[in-house]
Amino acid sequence: MMRKLGEIADFVGGELTGDPSVVIQRVVHPALARNASDLALVLSGNAVSFLKSGQVQNVVMPPDIEGGRAVNRITVDRPRLVLAKLMQLFERPPFVEPGIHHSAVIDRTAILGAEVAIGPYCWIGPRSSIGNGCRLIAHVSVGADSIVGSSTLLHPGVRIGDRCEIGCRVIIQPNAVIGGDGFAFVTPEPGSVESVRLTGEVRSFNREIVRINSIGHVVIEDDVEIGAGTCVDRGTLGETRIGQGSKLDNLIQVGHNVTIGKNCLIVAQVGLGGSSKIGDRAVVGGQAGLPDHLTIGDDAVVHAQAGITNHVPQRAVIIGSPAQPKRDFLEREIYLKRLPAHSKAIKELKRQIAELQAKVEQMPPDP
Amino acid sequence: MMRKLGEIADFVGGELTGDPSVVIQRVVHPALARNASDLALVLSGNAVSFLKSGQVQNVVMPPDIEGGRAVNRITVDRPRLVLAKLMQLFERPPFVEPGIHHSAVIDRTAILGAEVAIGPYCWIGPRSSIGNGCRLIAHVSVGADSIVGSSTLLHPGVRIGDRCEIGCRVIIQPNAVIGGDGFAFVTPEPGSVESVRLTGEVRSFNREIVRINSIGHVVIEDDVEIGAGTCVDRGTLGETRIGQGSKLDNLIQVGHNVTIGKNCLIVAQVGLGGSSKIGDRAVVGGQAGLPDHLTIGDDAVVHAQAGITNHVPQRAVIIGSPAQPKRDFLEREIYLKRLPAHSKAIKELKRQIAELQAKVEQMPPDP
Amino acid sequence: MMRKLGEIADFVGGELTGDPSVVIQRVVHPALARNASDLALVLSGNAVSFLKSGQVQNVVMPPDIEGGRAVNRITVDRPRLVLAKLMQLFERPPFVEPGIHHSAVIDRTAILGAEVAIGPYCWIGPRSSIGNGCRLIAHVSVGADSIVGSSTLLHPGVRIGDRCEIGCRVIIQPNAVIGGDGFAFVTPEPGSVESVRLTGEVRSFNREIVRINSIGHVVIEDDVEIGAGTCVDRGTLGETRIGQGSKLDNLIQVGHNVTIGKNCLIVAQVGLGGSSKIGDRAVVGGQAGLPDHLTIGDDAVVHAQAGITNHVPQRAVIIGSPAQPKRDFLEREIYLKRLPAHSKAIKELKRQIAELQAKVEQMPPDP
Numbered sequence: 015m016m017r018k019l020g021e022i023a024d025f026v027g028g029e030l031t032g033d034p035s036v037v038i039q040r041v042v043h044p045a046l047a048r049n050a051s052d053l054a055l056v057l058s059g060n061a062v063s064f065l066k067s068g069q070v071q072n073v074v075m076p077p078d079i080e081g082g083r084a085v086n087r088i089t090v091d092r093p094r095l096v097l098a099k100l101m102q103l104f105e106r107p108p109f110v111e112p113g114i115h116h117s118a119v120i121d122r123t124a125i126l127g128a129e130v131a132i133g134p135y136c137w138i139g140p141r142s143s144i145g146n147g148c149r150l151i152a153h154v155s156v157g158a159d160s161i162v163g164s165s166t167l168l169h170p171g172v173r174i175g176d177r178c179e180i181g182c183r184v185i186i187q188p189n190a191v192i193g194g195d196g197f198a199f200v201t202p203e204p205g206s207v208e209s210v211r212l213t214g215e216v217r218s219f220n221r222e223i224v225r226i227n228s229i230g231h232v233v234i235e236d237d238v239e240i241g242a243g244t245c246v247d248r249g250t251l252g253e254t255r256i257g258q259g260s261k262l263d264n265l266i267q268v269g270h271n272v273t274i275g276k277n278c279l280i281v282a283q284v285g286l287g288g289s290s291k292i293g294d295r296a297v298v299g300g301q302a303g304l305p306d307h308l309t310i311g312d313d314a315v316v317h318a319q320a321g322i323t324n325h326v327p328q329r330a331v332i333i334g335s336p337a338q339p340k341r342d343f344l345e346r347e348i349y350l351k352r353l354p355a356h357s358k359a360i361k362e363l364k365r366q367i368a369e370l371q372a373k374v375e376q377m378p379p380d381p
Numbered sequence: 015m016m017r018k019l020g021e022i023a024d025f026v027g028g029e030l031t032g033d034p035s036v037v038i039q040r041v042v043h044p045a046l047a048r049n050a051s052d053l054a055l056v057l058s059g060n061a062v063s064f065l066k067s068g069q070v071q072n073v074v075m076p077p078d079i080e081g082g083r084a085v086n087r088i089t090v091d092r093p094r095l096v097l098a099k100l101m102q103l104f105e106r107p108p109f110v111e112p113g114i115h116h117s118a119v120i121d122r123t124a125i126l127g128a129e130v131a132i133g134p135y136c137w138i139g140p141r142s143s144i145g146n147g148c149r150l151i152a153h154v155s156v157g158a159d160s161i162v163g164s165s166t167l168l169h170p171g172v173r174i175g176d177r178c179e180i181g182c183r184v185i186i187q188p189n190a191v192i193g194g195d196g197f198a199f200v201t202p203e204p205g206s207v208e209s210v211r212l213t214g215e216v217r218s219f220n221r222e223i224v225r226i227n228s229i230g231h232v233v234i235e236d237d238v239e240i241g242a243g244t245c246v247d248r249g250t251l252g253e254t255r256i257g258q259g260s261k262l263d264n265l266i267q268v269g270h271n272v273t274i275g276k277n278c279l280i281v282a283q284v285g286l287g288g289s290s291k292i293g294d295r296a297v298v299g300g301q302a303g304l305p306d307h308l309t310i311g312d313d314a315v316v317h318a319q320a321g322i323t324n325h326v327p328q329r330a331v332i333i334g335s336p337a338q339p340k341r342d343f344l345e346r347e348i349y350l351k352r353l354p355a356h357s358k359a360i361k362e363l364k365r366q367i368a369e370l371q372a373k374v375e376q377m378p379p380d381p
Numbered sequence: 015m016m017r018k019l020g021e022i023a024d025f026v027g028g029e030l031t032g033d034p035s036v037v038i039q040r041v042v043h044p045a046l047a048r049n050a051s052d053l054a055l056v057l058s059g060n061a062v063s064f065l066k067s068g069q070v071q072n073v074v075m076p077p078d079i080e081g082g083r084a085v086n087r088i089t090v091d092r093p094r095l096v097l098a099k100l101m102q103l104f105e106r107p108p109f110v111e112p113g114i115h116h117s118a119v120i121d122r123t124a125i126l127g128a129e130v131a132i133g134p135y136c137w138i139g140p141r142s143s144i145g146n147g148c149r150l151i152a153h154v155s156v157g158a159d160s161i162v163g164s165s166t167l168l169h170p171g172v173r174i175g176d177r178c179e180i181g182c183r184v185i186i187q188p189n190a191v192i193g194g195d196g197f198a199f200v201t202p203e204p205g206s207v208e209s210v211r212l213t214g215e216v217r218s219f220n221r222e223i224v225r226i227n228s229i230g231h232v233v234i235e236d237d238v239e240i241g242a243g244t245c246v247d248r249g250t251l252g253e254t255r256i257g258q259g260s261k262l263d264n265l266i267q268v269g270h271n272v273t274i275g276k277n278c279l280i281v282a283q284v285g286l287g288g289s290s291k292i293g294d295r296a297v298v299g300g301q302a303g304l305p306d307h308l309t310i311g312d313d314a315v316v317h318a319q320a321g322i323t324n325h326v327p328q329r330a331v332i333i334g335s336p337a338q339p340k341r342d343f344l345e346r347e348i349y350l351k352r353l354p355a356h357s358k359a360i361k362e363l364k365r366q367i368a369e370l371q372a373k374v375e376q377m378p379p380d381p
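Residue numbers (the working numbering), protein chains in the order written: chain X, 15 to 381; chain V, 15 to 381; chain U, 15 to 381.
Mixed in with the good hints, there may be bad ones.
Identical copies go unnamed one by one, so any copy, or any two together, can satisfy a pair.
With a Cα cut of at most 20 Å, we get these calculated SDA-like pairs of lysine to any residue [said to hold, decoys possible]:
hint, residue 1, residue 2
1, K340, R352
2, K340, L350
3, K99, R183
4, K340, S218
5, K351, R341
6, K361, R346
7, K358, F343
8, K291, E253
9, K340, E215
Hint data in this document are derived by calculation from the structure and do not stem from the laboratory. Please read these numbers as outputs of a predicted model, since none were measured by experiment.
This is chain X alone, in the form it adopts within the complex (with noise of 0.2 Å):
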């Protein structure tokens, strides 16, 4: 891959100072460059001492940091933005083998769309269709009655269960799994968990436990990412849904029912209780806990390892588990913080107050 830097500054909406000419093979971190075929990539001041060596001669940065001694500049205003752009233009897109592979087991009700790359192990169920376009790398099942949508990439080892609809676009790696069993199960008589929700302890016990069916599908709208091996259960009776442009990272848990928004971006380990919903624009921070029939509402922003334990309405700041507005969790980590002090304050005070109090004996009666 080739780029001329005047090329580059054009598609990332840069002003170049310096040579368009130079012809640009890597794009690298500054501490990396090495020649004049490395363009170095400056996301933030913590990068500037390496600008001064000498060995970075391009550089894509902001205005507000100095450029050392690069020879050629890009100067850009969203250096990450432009991160984004620079790896569409420099994309080492997965190896897929173009066509349908010779291992792969198509059932012959499957409807294949034009110019699909089936790999080695694939495996696609009756009934099932692939889009136009789409990319299946190696080793991915895909049960039956399931609908994937055009240009949409599943990654080696990706499971798709029965009936699920997963949309255009959608990029799903490693070792996902779509369409598991919910986790829903029932006591014919109130169990454990009941018992303590009305009386605070365990009065009752699950001595049996029902199974309950998942009959229900997933549905993944277009423009999704789902990360390696995060799991999305079916739901019950109806669906589970992940809203249009959502990114979910890896080894994240989405129970039966859960309903995620628009454009939310949830990080690594994240779990989501059943019938659980966030709405659109919502971030959530890695291994944070949403129970069963909690929400979170659109564009909250919730922290890493948050325990939520009632809903979160929209554009809350979240945090702590237990999980607090941060304002309130901040608050109580200053009292905390003078703890110490006021354990200091009561004893000083009660030594005060004794010494108040053998003066005021001493004192003669109010005659």
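Given chain X, work out where chains V and U should sit, using these hints.
Using the frame of chain X, we list chains V and U on its own:
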């Protein structure tokens, strides 16, 4: 799937008011009822509003809720149990190709029971046996010398290692791993963690890490369910065991030598450290963690995200990280909420004492 | 596997009291010793009670414990290290079909070393190389242009993406994913998280989310172990690196551009955010979380479930969420336990002051 309303009422043990001959094709959430062959299931009062529209013609619901404009009603005592029964009646089992798929690789010394279904790309290693009526959907691997009981269902991508024993009627969701090696290592000299335990500080270093091979195995008893992506490590010397009827959700870590009792419910993303032990009928909430060698007693209820640091007695209700009895946790929350008042009170007390001191200073000395 | 007791004592460096010619067939926990060919390993005083029954005839144990009724005893200093040695002697390596299985798909440009075992349904992409003596058990995928060093063991369902480098003697457990794309996105305008960072509130919105393609790769150095279901994302521009000898447990998230040093121990379900960095010999407890761009120093010990919010210095011992030095955490716990006493003391002080005020009011004024 079609059932008459009278037949459904009998099967779920409910009382029918209305026409028993109505033919039902779908069970749905009240919000999704559309026509005369839909049966709406009302689990709680939240769904009542949908009964007023007239869209819901047939309904299953508890006695304490108004039926709105529904025409035919089945009244039941425990609607969630009825949901389980309805999902038996209207079950949609996963698609499985009958028989042995031509692409399956089955060692010539493996033993297959009657009426097994072994789907595309399944691999069964030497001397392993698959019980009567088992279904291996696709891409399943079973190593050497393992036993799978009858009527067990293994979803795509399930990995079963060597020498494991899987019971009857077990369900394992996609990409779960049974029988990975335990995470067991030792430093020749006492390492950093031992140093912290003894001195509170890091005074020794993990210069060399020696592997402890796992030569044990995993036993999964009858009627267990294992969620998608869940990993159950093999014992070091002996076994890791999951007791009869226990249900594990997705993405759970079960360390080596763990013992889980019967009829437990373990929610997604829980971590169970090596040699930890869980009694019968315990419930462990999502993302909770149990360190090595600790125990959870029978019927204990552990809240989501709890970080256990001590043995949990039977029937205990545990919450927080570090985990405490729920009563203590709630009490601490009350005191934490009083912190601002404490701070203010201490300030006010200081002021009052200073005032008193000034007054007392002005008093005449004892004559 | 049969070994004479004398031979075992020599191999583990222990002192034998008893008959060196006894033939041992199994190493067991003392509770499971049944006959004269069983060797019981006592790791701690907890197991002593089993030595009284007479079932344990041969025992390995530390010098400070009574041997009970055992006939033959090997006395050792560090029994856990001896466990490692015994598990080498009695190892039961995973079953692997020798040679290249007929069902494997190996690109004609791939290079296979001597004595490799490539099991059923493995796929090796173009220009990738598999080193001498490697074992790929089954269902493994290796993308294009990757390198796997010699004597590496890849369990079933392991996914290795394009351009990754895996060292020698590496062990990767089932369904682990190496080289998934990083979770890297950007909003064209500053998004909600940036707004929270600057103002504490959500004042801007993630209306559009732009993908940042990952064009980097993963380097896993020699002697590393990766647990089942663990996901290691590729670098955005450069590499994600796991240092020589480090051991990762199951279901861990390793974000893009992460660097892990040498000989680290990372316990199950830990989450390491993008561009985070861990030094050498660090130990990170289960379910702990390290956000983007933070670092953990050499030899640091991070407790389970810790939620790191700042750089962790070398040799630090860290606990809690938000994480603190262990000393501070324990001190805070002490003060938190005093809260009820504080509350009571403040009430009592108020009472005493009111009493004093009343008394002082009654005093005669200074004449």
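Hints versus structure:
no., hint, in the structure
1, K340 to R352, "both (19 Å within a copy, 18 Å between copies)"
2, K340 to L350, "both (15 Å within a copy, 16 Å between copies)"
3, K99 to R183, "within (18 Å within a copy, 39 Å between copies)"
4, K340 to S218, "between (38 Å within a copy, 17 Å between copies)"
5, K351 to R341, "both (16 Å within a copy, 14 Å between copies)"
6, K361 to R346, "between (22 Å within a copy, 18 Å between copies)"
7, K358 to F343, "between (24 Å within a copy, 19 Å between copies)"
8, K291 to E253, "within (12 Å within a copy, 36 Å between copies)"
9, K340 to E215, "between (31 Å within a copy, 9 Å between copies)"
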